[in-house]
Amino acid sequence: MAAAVLLGLLALLIRLIVNSRFADFAVVRHYLFNRSILVGLRNTLVISVLAQMVGITLGVTLSVMRLSKNPVLSVTSWLYIWFFRGTPVLVQLLFWFNAVPQVFKTFAVSVPFTHIVLYQKPMVLFMTSFMAALLGLGLNEGAYMAEIVRAAIISVDEGQTEAAQALGMRSGLIMRRVVLPQAMRVIIPPTGNEFISMLKTSSLASVVLYGELLRRASDIYSTNLRVVELLLDASIWYLVLTSIATIGQYYLERRFARGASRELPLTPLQRIRRNLVPGRPWFRVLR
Amino acid sequence: MVDVQGVHKRFGRLEVLRGIDLEVHRGEVMVILGPSGSGKSTLLRCINHLEKIDAGRISVDGNLVGYRQVGSRNYELKEKEVAQRRAEVGMVFQRFNLFPHMTALGNIIEAPVRVRGASRAEATKRGLVLLERVGLEEKAGAYPSQLSGGQQQRVAIARALAMDPKLMLFDEPTSALDPELVGDVLDVMRALSGEGMTMMVVTHEMGFAREVADQVVFMDGGVIVERGRPAEVIGAPREARTKAFLSKVL
Ligand SMILES: Nc1ncnc2c1ncn2[C@@H]1O[C@H](COP(=O)(O)OP(=O)(O)OP(=O)(O)O)[C@@H](O)[C@H]1O
Ligand SMILES: [Mg+2]
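The listed protein sequences correspond, in order, to chains A and B. As numbered in the numbering used here, residues 1 to 287 make up the first sequence, in order. As numbered in the numbering used here, residues 288 to 537 make up the second sequence, in order.
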């Protein structure tokens, strides 16, 4: 009954939207596969994946530092996390793009304590929109990933480390071969959520003029004034990306559940197939 | 092989080991008995330097555990050296502690390959021999979650043996097992002692202690209360505390 009422309301809402000429769906359809929008879609994917990778790498490093017995390492990690979690990512993006090139004129990689310069470039050329977006999103993500990885490392039974130590393994090896692979099971679900957020948060990179989906959409509507249609296009693509990521997350979680339980849970497809065996009551399908 | 002299160990204000002296010769089996909290696990862990001792000295096969003596002073060893010495001492835990993300064979070859630098093929060959020795050759590809407790513990023993240890430490290896699975694990340990392995075993299995042990020590409150041949300590205890303990476990 309640479901019927809800469905009725939903139908009403859709009719209202379509009739109100809130948006011209012909225009929505026209721009959905516009070349510029598709390039934006690709850029959104590229920056999200790269920033997430930076975040994961940093997160693992920071969490291992954080758990280290060496106070210099753990305090450094704590400060990093405190700073990057405590300031808005939008501010960090603007910082990299606008403030850094003003303060530091050149970017150079040199061998410490010598004058040997391996790489040098004016900062404005180094700090492109892409670089600022990658640093802004990636370094911020690193702080969040660090907390996720740390919780996961702590969740691994201490007996595992002891058994590995007793076999003569050293801490780096133990972390890599014993602790982190087991922590993965705990790391993956929240990391999936982080990546789904990242797909959306990457839209903030539009403020540093990185040509991702939102930037491309707003560039188009600033000339043709089809604001609603183009924002709808962007939203549709964001929904597509996040939906695919959600499915990917499900299968990844399944893969890493290996070894934890005797049998893997069924995938939704397997479950439907199994329940469609003739003779089974139909309502089993719903379970 | 093992020489423990005047060992003290404190956790905060709790003194868990209060002057332990013992000696285990090559090829001997020592069984350690004692009530819960008497410090048996702590003693084994100290022998492997999983715990640092506060006083005394422990040496295994002539090497000081965890320290290097220079003149009259002891310096703690670097992690690398500690790890090298640990690799020569096998340890089996009450809760098995197999690596759940690796197969039985994977568990066994991990340390030989990663620590000793053995080739995968060579380690695998050796691993299969060890699995056969503990009666589990057909379980090479099974994950720990697919094995019974007794099978897991036998894999854990094979894993320790894969490093060719000079000494094996067993901390209540059968306490977490269903009674019908205990026998298989004890059989493996019995065979091991028959082959001349030096072993220190914390256990409540009195039958095993009587049959296999060369020495039995009874610990209580962080000290050794009584020691001797199994027939003496278990068969005819002199101390009241030993008698009280034995009357509970026998
Ligand atoms: N890491 C630790 N920190 C603080 N106290 C500890 C620690 N490990 C052990 N203890 C304490 O030391 C005492 C001896 O512990 P130990 O595990 O050696 O006893 P045990 O003889 O092995 O007992 P059981 O038969 O229950 O295993 C106990 O009181 C225990 O609470
Ligand atoms: Mg114990």
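Quick caveat, the hints were computed from the structure, so don't treat them as lab data. Do not rely on the hints blindly, as some may be mistaken.
Selected chain A positions facing chain B (Cβ under 8 Å, derived; list incomplete) [claimed, not checked]: (1) H115; (2) A163; (3) A166; (4) G168; (5) M169; (6) R170; (7) L173; (8) V178; (9) P181; (10) Q182.
Source: prediction; values computed, not measured. Here a beta-carbon is modelled for each residue, glycine too, at the ideal position from N, C-alpha and C.
Consistency of the hints with the structure:
For H115(A), the interface hint is violated, since its Cβ never comes within 8 Å of a Cβ in chain B; the closest pair sits about 35 Å apart. Because the smallest distance between the Cβ of A163(A) and any Cβ of chain B comes to about 4 Å, under 8 Å, the interface hint for this residue holds. At about 4 Å, the closest approach between the beta carbon of A166(A) and any beta carbon in chain B falls short of 8 Å, and the interface hint on this residue holds. Annotation: G168(A) was flagged as interfacial toward chain B, and the flag holds, the nearest CB pair being 3 Å apart, inside 8 Å.
A cut of 8 Å between beta carbons decides the hint on M169(A): the least distance to chain B is about 6 Å, and the hint holds. Below 8 Å, beta-carbon pairs count as interface contacts, and R170(A) has one with chain B at about 5 Å; its hint therefore holds. A hinted interface residue such as L173(A) counts as satisfied when its beta carbon comes closer than 8 Å to some beta carbon of chain B; here the least separation is about 6 Å, so the hint holds. Restraint check, V178(A) versus chain B: the minimum CB separation of about 6 Å is within 8 Å; hint holds.
Checking P181(A) against chain B: minimum C-beta separation of about 5 Å stays under 8 Å; hint holds. Among the interface hints, the one on Q182(A) holds; its C-beta lies about 6 Å from the nearest C-beta in chain B, closer than the 8 Å criterion.
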